[in-house]
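Quick mapping for you: the protein sequence lines, in order, are chains A and B.
For the first sequence, position 190 matches number 190 in the working numbering, and the numbering has no gaps at all.
For the second sequence, position 28 matches number 28 in the working numbering, and the numbering has no gaps at all.
No wet-lab data here; the hints were simulated from the structure.
Fair warning: there could be bad hints in the mix.
[To be verified] So the derived list for chain A, only partly shown, Cβ under 8 Å to chain B, looks like this:
#1 Q60
#2 G67
#3 V80
#4 S121
#5 Y125
#6 A162
#7 Y163
#8 L164
#9 Y165
#10 Q167
#11 V169
#12 R206
#13 E234
#14 V256
It should be emphasised that the depicted structure is a prediction, and the values quoted were computed from it without experimental measurement.
Cβ coordinates follow ideal geometry from the N, Cα and C atoms, glycine included.
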Amino acid sequence: MENKGRYIYGVAASDRTVNLGPIGIGGSEVFTIPCGNFCAIVHSCPAEPYQSTDENTVKQWVKTHQGVLDEAKKELGTIVPMGFDTILQSKDDAISADQVVKDWLKEETERLHSLMEKISSRDEYGVQIFYVPRIISKRISEENLDIQKIKDEMASKSPGMAYLYKQRVEKAVRTEIERLAGDWFKDFYARVKCHCADIVVEKTKRIGQDNVMLVNLSCLVAKEKVSHLGEELEKINNTEGFSVHFSGPWPPYSFVAKPVMPVKEEVK
Amino acid sequence: MNPTRDTHATLVDLLDRVLDKGLILDADLIIHVAGVPLLGVKLRAALAGIETMLKYGIWEDWDAAQRAIAAEEYRLKKMARAPEKELAALCSNSTDTTL
């Protein structure tokens, strides 16, 4: 029986019909469905989503999704990536699943054109900057004059009082870190942004006591500017108390993420 | 410094992107799963061990918000196209021309 679903990995600016081989999720044959100037990179599947409660299975699927986009890029150039588990289906037996994909490409031609223009010759990179509270706290408590004053007073106090003073020092250090974090963010953001064609500020994550994520950015960077960004990040990474995680190149997932609604005739 | 795609160090970066981002469709065409149409988000929840968030409906809120944005975009797009359609009807011409 013919599969009614088409799992879409992404869309390329090419009108070629290509078979990329059995590189898809679950070893599926990946091929292109062209329409106009674009083609969708798909595999044929039943009209039901991939789901699993097994972490490793899901991770493997996600890696495969990315692997297909990597291969497709080599063959077809710039690609608008889809999120995981985007499956189009035919609800009408008279219309083939391939035709549903073609109709969708046709409907979205205009938007795909502007997205392609935006992401062409550019890749996405992840930039995360962390600070090490232990090092930063030490520096602040040594350099901040107000905190120095509390520490000087503490020296002449009884152990009981000294304990209270110690708590005051810790609180003052925390407040100072919070104040400085705003300045660091602005500084790092500006230094990264000037090398990017577009930038998205992501939520920071808790990762542990030793490292605190201060900045989490998705950056759309032109190929020729990646090395400049790398140099800037190197400088930040070499600053005592800070470290940088620089990942990529990724397909521009974060820059095509606006929801897209095909125009449907029945909506009046 | 050079960017890395080493699988161990960047798996989270990859999951963040493939499961939560990429071009999103909102259409009859796409397959829905009861309750949570964006399956990627659900998988993400399973992965991160944050079923609690799913239970309390946080992801559903996010999903609803995403869809509201889509609906608004669609409405604007439709409005932008409306005069075209009238024009096209007058000229009894094709409706897919873009002005």
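Using the nearest Cβ pair, does Y125 (chain A) come within less than 8 Å of chain B? 5 Å, holds
Using Cβ atoms only, decide whether V169 (chain A) comes closer than 8 Å to chain B, and label the hint accordingly. 35 Å, violated
Tell me if R206 (chain A) is really an interface residue toward chain B, meaning its C-beta lies closer than 8 Å to one of theirs. 12 Å, violated
Supplied contact hint for V256 (chain A), tested at 8 Å Cβ to chain B: Constraint on V256 (chain A) satisfied, holds at 5 Å.
Would you check whether A162 (chain A) satisfies its interface hint, that is, whether its CB is within less than 8 Å of any CB in chain B? 42 Å, violated
Can you verify the interface hint for L164 (chain A): is its Cβ closer than 8 Å to any Cβ in chain B? 38 Å, violated
Chain B contact restraint for Y163 (chain A) - C-beta distance below 8 Å: 38 Å, violated
Given Q60 (chain A) was flagged as interface, is its beta-carbon under 8 Å from a beta-carbon of chain B? Not OK, violated: Q60 (chain A) not within 8 Å of chain B, min 11 Å.
Answer holds if the nearest beta-carbon of chain B is closer than 8 Å to that of E234 (chain A); otherwise answer violated. With a minimum Cβ separation of about 4 Å from chain B (threshold 8 Å), the hint on E234 (chain A) holds.
Grab the minimum C-beta distance from Q167 (chain A) to chain B and call the hint holds if it beats 8 Å, violated otherwise. 33 Å, violated
Please verify that hint: G67 (chain A), Cβ, nearest Cβ of chain B, below 8 Å or not. 10 Å, violated
Does S121 (chain A) pass the interface check with chain B, least Cβ-Cβ distance below 8 Å? 16 Å, violated
Checked against the numbered hints given earlier, this structure breaks hints 1, 2, 4, 6, 7, 8, 9, 10, 11, 12; the rest are met.
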